[in-house]
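A.B. asks: The listed protein sequences derive, respectively, from chains A and B.
For any residue, its number in the numbering used here is found by taking its place in the first sequence, counting from 1, and adding 197.
For any residue, its number in the numbering used here is found by taking its place in the second sequence, counting from 1, and adding 197.
Simulated from the structure, these hints should not be mistaken for lab results.
Keep in mind that the hints are not guaranteed to be accurate.
It does not matter which identical chain is used: a pair holds within one copy or between any two.
[Stated by the list, open to error] Here are the simulated PhoX-like cross-link-like pairs (lysine-lysine), alpha carbons at most 20 Å apart as the crow flies:
#  : residue 1 : residue 2
1  : K551      : K446
2  : K544      : K469
3  : K447      : K551
4  : K203      : K539
5  : K203      : K447
6  : K520      : K251
7  : K366      : K544
8  : K544      : K446
9  : K561      : K427
10 : K546      : K446
11 : K511      : K230
12 : K427      : K366
13 : K546      : K366
14 : K546      : K469
15 : K447      : K201
16 : K446      : K556
17 : K435      : K532
18 : K201      : K511
19 : K211      : K366
20 : K201      : K532
21 : K280      : K319
22 : K201      : K544
23 : K270      : K280
24 : K272      : K469
25 : K203      : K544
Treat the numbers as computed from the prediction; the structure is a model and nothing was measured.
Here's the letter readout for the chains.
There are 2 protein chains.
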Amino acid sequence: MGVKGKWTRIAYEKLLMRNIKRVLNHHVVSYEKLIRKRGRIYIKTEYPEETASKLTSVFGISSVSPAVQTSSKMKEILLVTVKLADAVLEKGSSFAVRCHRVGKQLYTSMEVCRDVGEQVLKKLVDRNVRVDLTNPQHTISVEVREDHAYVFLETLHGVGGFPLGSQPKIVGLLSGGVDSSVACWLTMKRGCPLIPLYLDNVPFTNEHTTARALDVAKKLFSWSIGFPRKIYVVPHGKNLQVLVDKSPKKLTCILCKRIMYRISERVAEIEKAEGVVTGEAIGEQASQTLHNLRVLNEAAVNHPIHRPLLGFDKEETEELARKIGTFQISIQKAKSCSAAPKRPATKAKLEAVKQAERKLDIEKMVDESVKAAEILTV
Amino acid sequence: MGVKGKWTRIAYEKLLMRNIKRVLNHHVVSYEKLIRKRGRIYIKTEYPEETASKLTSVFGISSVSPAVQTSSKMKEILLVTVKLADAVLEKGSSFAVRCHRVGKQLYTSMEVCRDVGEQVLKKLVDRNVRVDLTNPQHTISVEVREDHAYVFLETLHGVGGFPLGSQPKIVGLLSGGVDSSVACWLTMKRGCPLIPLYLDNVPFTNEHTTARALDVAKKLFSWSIGFPRKIYVVPHGKNLQVLVDKSPKKLTCILCKRIMYRISERVAEIEKAEGVVTGEAIGEQASQTLHNLRVLNEAAVNHPIHRPLLGFDKEETEELARKIGTFQISIQKAKSCSAAPKRPATKAKLEAVKQAERKLDIEKMVDESVKAAEILTV
Numbered sequence: 198m199g200v201k202g203k204w205t206r207i208a209y210e211k212l213l214m215r216n217i218k219r220v221l222n223h224h225v226v227s228y229e230k231l232i233r234k235r236g237r238i239y240i241k242t243e244y245p246e247e248t249a250s251k252l253t254s255v256f257g258i259s260s261v262s263p264a265v266q267t268s269s270k271m272k273e274i275l276l277v278t279v280k281l282a283d284a285v286l287e288k289g290s291s292f293a294v295r296c297h298r299v300g301k302q303l304y305t306s307m308e309v310c311r312d313v314g315e316q317v318l319k320k321l322v323d324r325n326v327r328v329d330l331t332n333p334q335h336t337i338s339v340e341v342r343e344d345h346a347y348v349f350l351e352t353l354h355g356v357g358g359f360p361l362g363s364q365p366k367i368v369g370l371l372s373g374g375v376d377s378s379v380a381c382w383l384t385m386k387r388g389c390p391l392i393p394l395y396l397d398n399v400p401f402t403n404e405h406t407t408a409r410a411l412d413v414a415k416k417l418f419s420w421s422i423g424f425p426r427k428i429y430v431v432p433h434g435k436n437l438q439v440l441v442d443k444s445p446k447k448l449t450c451i452l453c454k455r456i457m458y459r460i461s462e463r464v465a466e467i468e469k470a471e472g473v474v475t476g477e478a479i480g481e482q483a484s485q486t487l488h489n490l491r492v493l494n495e496a497a498v499n500h501p502i503h504r505p506l507l508g509f510d511k512e513e514t515e516e517l518a519r520k521i522g523t524f525q526i527s528i529q530k531a532k533s534c535s536a537a538p539k540r541p542a543t544k545a546k547l548e549a550v551k552q553a554e555r556k557l558d559i560e561k562m563v564d565e566s567v568k569a570a571e572i573l574t575v
Numbered sequence: 198m199g200v201k202g203k204w205t206r207i208a209y210e211k212l213l214m215r216n217i218k219r220v221l222n223h224h225v226v227s228y229e230k231l232i233r234k235r236g237r238i239y240i241k242t243e244y245p246e247e248t249a250s251k252l253t254s255v256f257g258i259s260s261v262s263p264a265v266q267t268s269s270k271m272k273e274i275l276l277v278t279v280k281l282a283d284a285v286l287e288k289g290s291s292f293a294v295r296c297h298r299v300g301k302q303l304y305t306s307m308e309v310c311r312d313v314g315e316q317v318l319k320k321l322v323d324r325n326v327r328v329d330l331t332n333p334q335h336t337i338s339v340e341v342r343e344d345h346a347y348v349f350l351e352t353l354h355g356v357g358g359f360p361l362g363s364q365p366k367i368v369g370l371l372s373g374g375v376d377s378s379v380a381c382w383l384t385m386k387r388g389c390p391l392i393p394l395y396l397d398n399v400p401f402t403n404e405h406t407t408a409r410a411l412d413v414a415k416k417l418f419s420w421s422i423g424f425p426r427k428i429y430v431v432p433h434g435k436n437l438q439v440l441v442d443k444s445p446k447k448l449t450c451i452l453c454k455r456i457m458y459r460i461s462e463r464v465a466e467i468e469k470a471e472g473v474v475t476g477e478a479i480g481e482q483a484s485q486t487l488h489n490l491r492v493l494n495e496a497a498v499n500h501p502i503h504r505p506l507l508g509f510d511k512e513e514t515e516e517l518a519r520k521i522g523t524f525q526i527s528i529q530k531a532k533s534c535s536a537a538p539k540r541p542a543t544k545a546k547l548e549a550v551k552q553a554e555r556k557l558d559i560e561k562m563v564d565e566s567v568k569a570a571e572i573l574t575v
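Turn these sequences into a full structure, and let the hints guide you.
C.D. replies: Right, dumping it as structure tokens:
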């Protein structure tokens with residue numbers, strides 16, 4: 198993790214250890230022990246490949262290397278590296294040796310590379326393998342730390358971010374579409390446990406739209422094993438009906454979103470969350486012009502509205518959605534909101550919006566919606 | 198551009214045409230004419246390569262293909278494709294032909310691919326070239342649109358986003374560091390002309406810090422050719438001195454940032470900008486916990502604080518900074534703020550912050566800073 202302060206780092210690492218244990222237990226991957234040392238976490242297990250593959254999707258892990266542990270004696274390092282090389286290097290293939298060393302040993306990193314290289318060439322002379330330092334087919338990595346050495350052939354990319362729980366909770370306005378799902382995930386990645394909030398617009402949407410949101414929430418929760426899996430489902434169709442009946446057509450989307458913000462703030466208060474996340478991106482929808490975002494923002498009083506996708510292009514969001522696993526769910530057939538006007542305002546006037554709101558009992562609408570909230574565990 | 202509505206699309210395309218002209222004129226790349234048609238922009242020029250390379254960094258362009266125009270007669274398409282193939286296909290190389298067709302012609306796309314492929318194989322029989330549809334070394338693309346055909350061998354990725362000016366102006370809190378520079382650029386990419394605002398913390402920083410910010414602004418403006426190149430430089434050191442003297446040490450960064458927000462709102466009002474953009478990311482700095490972002494947000498009254506990097510990991514931001522061209526400038530030696538305490542509050546209490554502010558004349562500090570602003574053209 199790229200954490201600056203020493204104390205923060207230690208706290209984050211401890212949190213990460215807890216999260217790792219939860220994930221391994223959840224997947225029933227047994228391990229002997231976890232050790233935290235000098236910015237690394239070592240897991241002793243009989244199932245290094247399985248462990249590694251599960252951990253690549255734990256927030257806060259930048260990389261995972263399934264490794265063989267040995268002592269830091271050169272003799273043993275040579276034994277292990279040659280054995281591993283023997284197991285993977287094909288005929289005619291190229292390899293490189295990299296070494297990283299911490300502590301006092303009787304050899305330098307350079308010497309490790311040289312000696313391991315020589316031994317491998319010698320033992321596999323029949324296979325005609327060769328050293329290629331610039332573009333090798335295999336890399337034999339040796340990491341020496343004090344009395345131990347770790348030998349590994351691959352390093353898997355982790356998802357990065359910070360350990361879940363290192364930040365306060367956040368409420369996510371989750372429609373189930375591509376954007377809101379990715380936005381929610383991005384705040385999880387930075388350490389915030391997510392409380393998804395789905396505004397149910399039936400009859401302007403239908404049960405498929407609701408089912409889609411629940412499916413997305415499930416998928417998002419697969420990234421937060423060991424954390425609560427609850428989602429707020431709040432009826433919003435009645436509110437929307439009032440807007441359709443009583444407010445200027447052009448403003449429907451903006452008025453609707455402003456009520457959503459207010460409801461999300463209530464949920465944030467109930468959950469002691471410190472903010473709200475939405476999938477809005479500048480210009481992505483007519484209602485998401487920089488101008489309108491300002492008008493929307495005015496409705497949120499006590500909590501910031503966080504919009505991690507602000508600068509994302511659609512293709513970038515979709516690419517990320519594929520990686521997260523929400524894309525296929527989000528593009529499923531779902532009824533999009535039929536209350537949305539054909540030509541929504543792109544430059545709504547705050548004064549006009551407020552005037553429209555004065556004709557409604559917004560407080561009551563918000564109150565009743567929140568009261569009717571269902572909290573589901575998915 | 199991935200724009201939904203027809204009218205928005207047309208307006209955006211016109212804006213893009215204007216921006217393209219500005220860029221080509223700026224770089225003195227001459228062209229004959231620009232034509233907008235069915236979601237494409239065609240530029241007739243004697244300098245297709247140079248034109249293409251300049252346009253890859255124009256916001257709103259998803260790709261550029263330097264092409265040869267011909268009539269849509271099969272005979273002419275064959276002439277042009279064979280000539281191009283002759284110029285680029287090396288001995289033993291593989292190629293594929295792709296065709297996209299709009300309008301009524303006497304042939305199908307498949308037929309174009311087949312005929313072009315056959316002709317190329319025949320004419321270059323000495324060179325031993327071969328067709329490879331899955332992984333070709335060269336792709337000959339033919340795009341037929343009504344009476345014209347365009348033949349091209351490469352498609353350059355554009356930077357994407359929306360045309361600059363399609364959104365209102367935004368004020369960017371620009372420190373010159375990696376994060377704020379990338380955040381500013383991301384909002385430009387989505388169409389917002391940028392007004393950078395640099396808060397000058399001298400004597401807690403020094404003239405190198407200021408110079409760095411101006412250099413970054415210059416680099417950012419290279420992405421917005423034809424738009425104003427002005428930056429607000431606002432003295433903030435005196436304010437910071439007051440905080441250091443009179444406020445709890447742990448709160449310095451939060452109080453400082455809150456004053457910055459207020460100043461940025463004033464500049465936004467002066468400039469009729471619709472928002473403020475900052476480089477904050479969840480958890481990136483001690484002062485940027487989700488908790489603190491909420492406390493910061495409370496200081497901004499009339500404008501949203503947009504944080505496009507919220508979900509970015511440091512490496513992701515740095516990668517983008519390299520692409521934008523700000524990275525090398527941002528990592529230059531610059532004095533980081535010496536007023537920052539060693540252990541800033543990570544969970545500042547809003548009430549404590551407000552109490553500290555009540556002991557200061559914040560209004561006056563903001564007023565005087567804004568009055569002393571220098572507006573530089575870089």
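A.B. asks: Name the hints, by number, that the structure is in violation of.
C.D. replies: Structure breaks hints 9, 11, 24.
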